[in-house]
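Participant: Chain by chain, the residues:
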Amino acid sequence: MTRILTLFYLILFLGVGLTSAYVVYHILRYSLSKRQAVLTVGLFGSVLLFLLATNALFFFRIDWDGMLSNPSALHRAYGAHSSSGY
Amino acid sequence: MNLSTVRFPGKHDREQVIAVYHRHWFDILSNLFVPAFLTVTLLLGALIAPSLAPLLFTGENGMFFGFIENSLHLFLWLYLFLVWVDVYFDVWIVTDERVVNIEQKDLFTRRTSELRFSRVQDVTSEVQGIIPSILNYGDVYIQTAGEQARFIFHNVPDPVTIKDLVMKLAQRRRREIGEENS
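First to last, the sequence lines map onto chains A and B. As numbered in the numbering used here, the first sequence has no gaps in its residue numbers, which increase by one up to the final residue, 97. As numbered in the numbering used here, the second sequence has no gaps in its residue numbers, which increase by one up to the final residue, 183.
None of these hints come from the bench; they were simulated from the model. Virtual Cβ for every residue (Gly too), placed ideally from N, Cα, C. Any given hint could turn out to be false.
To be verified - Only pairs whose alpha carbons sit at most 25 Å apart, straight line, appear in this in silico DSS-like list of lysine-lysine:
hint, chain 1, residue 1, chain 2, residue 2
1, B, Lys169, B, Lys12
2, B, Lys12, A, Lys45
3, B, Lys106, B, Lys169
4, B, Lys12, B, Lys164
5, A, Lys45, B, Lys106
To be verified - Calculated Cβ distances over 10 Å to all of chain A for the following chain B residues:
hint, residue
6, Gly67
7, Gly130
8, Ile135
Looking at chain A on its own, in the form it has when it is part of the complex (with noise of 0.2 Å):
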């Protein structure tokens, strides 16, 4: 199963980084001034970078075989905390 996750995973990062890509171009390209364009793409391209990492991250952290053989966790875990709070 997890194999298949990560299989989604990496359809959807290609996804990303392709319109990252389309984005890049275009500010490059058609941005009236070099300096201009340089600083846009220096923006975008940092924070995106930043949550491609982070997001990564935390998806090869996460125990998917684990999360998936036992949904019930997340329940649990919201059942134990409405009732503590009753």
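On the provided structure of chain A, position chain B as indicated by the hints.
Facilitator: Chain B alone, transformed into the frame defined by chain A:
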């Protein structure tokens, strides 16, 4: 912006850029409102939710919700820039020879049109609505003698000044043509 460094496709060697106009900042912001609103909502949710249901945000569950939240931020960041590319790269360039309009229609459609001052017949500016009146932005219509009946600057700042500038440059061009003919 230093106008001498402005570059655009089809710029002639000796062509001088006189002015560059993007959409008014309020128009750009209103287009960015949805992704900005969703980002703020998501950030507020991430701050408030752990105090409402702490067990959901610890250990493996915390990792899972962190992943979901991070993914949403990632898509919103991309969406924000896709909207930015669509809106900010609509540009009108006034040079000493012509007016050039570069318009991003959708993801893969970009249209460039130009209008020589010799073809300008009439220029009109229009500010419509409360916010455009307060912030002084609107449309400028250039009536032409060509096939394209009207050349439009959409939601640009200070439309009256742009109208005056185009009129002045068109009149100067007409004078030059008159002098060349006589």
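Participant: Per the stated criterion, does the least C-beta distance between Gly67(B) and chain A lie above 10 Å, as a non-interface residue requires?
Facilitator: 5 Å, violated
Participant: Verify the proposed pairing of Lys12(B) with Lys45(A), using a straight-line Cα cut of 25 Å.
Facilitator: Given pair Lys12(B), Lys45(A) holds - Cα atoms ~16 Å apart, limit 25 Å.
Participant: Within a Cα-Cα threshold of 25 Å, do Lys169(B) and Lys12(B) meet the stated pairing?
Facilitator: 21 Å, holds
Participant: Are Lys45(A) and Lys106(B) close enough, with their CA atoms no more than 25 Å apart?
Facilitator: 23 Å, holds
Participant: Is it true that the CA of Lys12(B) sits at most 25 Å from the CA of Lys164(B)?
Facilitator: 22 Å, holds
Participant: Minimum Cβ separation between Gly130(B) and chain A greater than 10 Å?
Facilitator: The assertion about Gly130(B) holds, with a minimum of 28 Å to chain A.
Participant: Compare the distance between the alpha carbons of Lys106(B) and Lys169(B) with 25 Å, and conclude whether the hinted pair is satisfied.
Facilitator: Between Lys106(B) and Lys169(B) the Cα gap is close to 30 Å, so the pair fails against 25 Å, i.e. violated.
Participant: Just double-check Ile135(B) for me: nearest Cβ-Cβ distance to chain A has to come out over 10 Å.
Facilitator: 28 Å, holds
Taken one by one, the earlier hints fail for this structure at numbers 3, 6, listed in ascending order.
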